[in-house]
Amino acid sequence: MAFGSHALHFAGRPVVDVPADGPLPTVDGPVSWRIAHWHFDDETTESSLSAEFRDAFDRFVAQAGPSVESLVVGSWGYAAFHPAPIAQLCAAAARLPALRALFLGDITSEECEVSWMRVGDVSALLTAYPALEVLRVRGGENFAFSPVRHARLRELAVESGGLSRAFVGAVLDSDLPALTDLELWLGTSDYGGDTQVADLAPLLAGERFPQLRRLGLCNSEIADDLARALASAPVVSRLRRLDLSMGTLGDEGAAALLAGQPLTHLAELDLSHHYLTEETAASLVAALPGVAVDDSDPQEPEEYDGESYRYTAVSE
Numbered sequence: 001m002a003f004g005s006h007a008l009h010f011a012g013r014p015v016v017d018v019p020a021d022g023p024l025p026t027v028d029g030p031v032s033w034r035i036a037h038w039h040f041d042d043e044t045t046e047s048s049l050s051a052e053f054r055d056a057f058d059r060f061v062a063q064a065g066p067s068v069e070s071l072v073v074g075s076w077g078y079a080a081f082h083p084a085p086i087a088q089l090c091a092a093a094a095r096l097p098a099l100r101a102l103f104l105g106d107i108t109s110e111e112c113e114v115s116w117m118r119v120g121d122v123s124a125l126l127t128a129y130p131a132l133e134v135l136r137v138r139g140g141e142n143f144a145f146s147p148v149r150h151a152r153l154r155e156l157a158v159e160s161g162g163l164s165r166a167f168v169g170a171v172l173d174s175d176l177p178a179l180t181d182l183e184l185w186l187g188t189s190d191y192g193g194d195t196q197v198a199d200l201a202p203l204l205a206g207e208r209f210p211q212l213r214r215l216g217l218c219n220s221e222i223a224d225d226l227a228r229a230l231a232s233a234p235v236v237s238r239l240r241r242l243d244l245s246m247g248t249l250g251d252e253g254a255a256a257l258l259a260g261q262p263l264t265h266l267a268e269l270d271l272s273h274h275y276l277t278e279e280t281a282a283s284l285v286a287a288l289p290g291v292a293v294d295d296s297d298p299q300e301p302e303e304y305d306g307e308s309y310r311y312t313a314v315s316e
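Going by this note's numbering, the sequence shown opens with residue 1, and the numbers climb by one from there.
Everything labelled a hint here was simulated from the structure, so no lab data went into it. Beta carbons are placed, not taken as given, at the ideal position from N, Cα and C, and that holds for glycine. Heads up, some of the hints might be wrong.
FRET-style restraints, in silico, Cβ to Cβ [as the list claims (entries may be wrong)]: (1) 232 x 286: 18 to 24 Å; (2) 308 x 51: 46 to 52 Å; (3) 205 x 268: 19 to 25 Å; (4) 52 x 30: 24 to 30 Å; (5) 259 x 144: 25 to 31 Å; (6) 95 x 307: 30 to 36 Å; (7) 307 x 279: 22 to 28 Å; (8) 24 x 286: 50 to 56 Å; (9) 166 x 286: 25 to 31 Å; (10) 289 x 207: 27 to 33 Å; (11) 304 x 178: 22 to 28 Å; (12) 51 x 175: 32 to 38 Å; (13) 234 x 189: 35 to 41 Å.
Please construct the entire structure, taking both the sequences and the accompanying hints into account.
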């Protein structure tokens, strides 16, 4: 799966693009503003912030800052060259007092592959915005997180083609008492995704995030291993939604889920983009009649030189 389009909705609101110049459009009700400025310049000095994005962002904040409740940040120049404007976002915190939801990295594959996106340490955003409730970030290159204390964050989603164990460990070492929704795209080892089941032990044991009700361990090449661990993981009993979508889940992992602890308390089980046979998928759905099971987007393994290969939905 490539990122073929920009977000149309975020944080329960329609996304409205900030125009390149002129006044902001009149909107009817709450919206998520989307600020972006894509440009590619062979003369660009890598590691320098995009002056064009910086100026566009400053104009937007000057126009709408105090009223902005939800913000989507798209291309910040060419994201493979220019680092994400984390410092600029943090510096603007006093001028964005109402901000409650932030999506950093709403960038299509045509604009920049996710593994090339230069992001940095996104936990600085939580430090700068203590009232933030929703944070979604996408990235690959120089993607980092540091342990943080944040009293109000309810939703954290991290999209990546490969999420390092250092990143995951820092998330799990964070103190997020209000967190109800955690989504981690673990990815593949080819793109830095070296997280293993053992690295998730505190999370699976239910020792982190006491309010957690939705857990997404998505886009993972170790989906079968995750399913086997979740079959007996204490955290599952307090979840309402479990998401193993976009990964390489096969019949082995599904069998482990069915043989493990009851899942009938779940409202939703998302297994979309999977490698289950039709028979196994049907058995799983039949075993969970009160659960909304998403078994859409079945995949077929690729055969090459006598070997069978499964792929996550997002890698490069």
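Do the hints match the structure? See the list:
Between residue 232 and residue 286 the C-beta distance comes to about 22 Å, which sits within the given range of 18 to 24 Å. A hinted range of 46 to 52 Å holds for the C-beta pair residue 308 and residue 51, which are about 49 Å apart. The supplied range of 19 to 25 Å is met by residue 205 and residue 268, whose beta-carbon atoms lie about 22 Å from each other. Between residue 52 and residue 30 the CB atoms are about 28 Å apart, so this pair conforms to the stated range of 24 to 30 Å.
At roughly 38 Å, the beta carbons of residue 259 and residue 144 sit outside the given window of 25 to 31 Å. At roughly 55 Å, the beta-carbon separation of residue 95 and residue 307 lies outside the given 30 to 36 Å, and the hint is violated. Between residue 307 and residue 279 the C-beta distance comes to about 24 Å, which sits within the given range of 22 to 28 Å. Hint check: residue 24 to residue 286, Cβ distance near 51 Å, so the stated range 50 to 56 Å holds.
In this structure, residue 166 and residue 286 break the distance hint of 25 to 31 Å, their C-beta atoms being roughly 41 Å apart. With their beta carbons about 32 Å apart, residue 289 and residue 207 fall inside the hinted range of 27 to 33 Å. Distance hint for residue 304 and residue 178: a CB-CB separation of about 47 Å, inconsistent with the stated range 22 to 28 Å. For the pair residue 51 and residue 175, the supplied restraint of 32 to 38 Å holds, since their beta-carbon distance comes to about 37 Å.
Judged by the Cβ atoms, the range 35 to 41 Å given for residue 234 and residue 189 is violated: they are separated by roughly 28 Å.
Of the numbered hints listed earlier, those contradicted by the structure are 5, 6, 9, 11 and 13.
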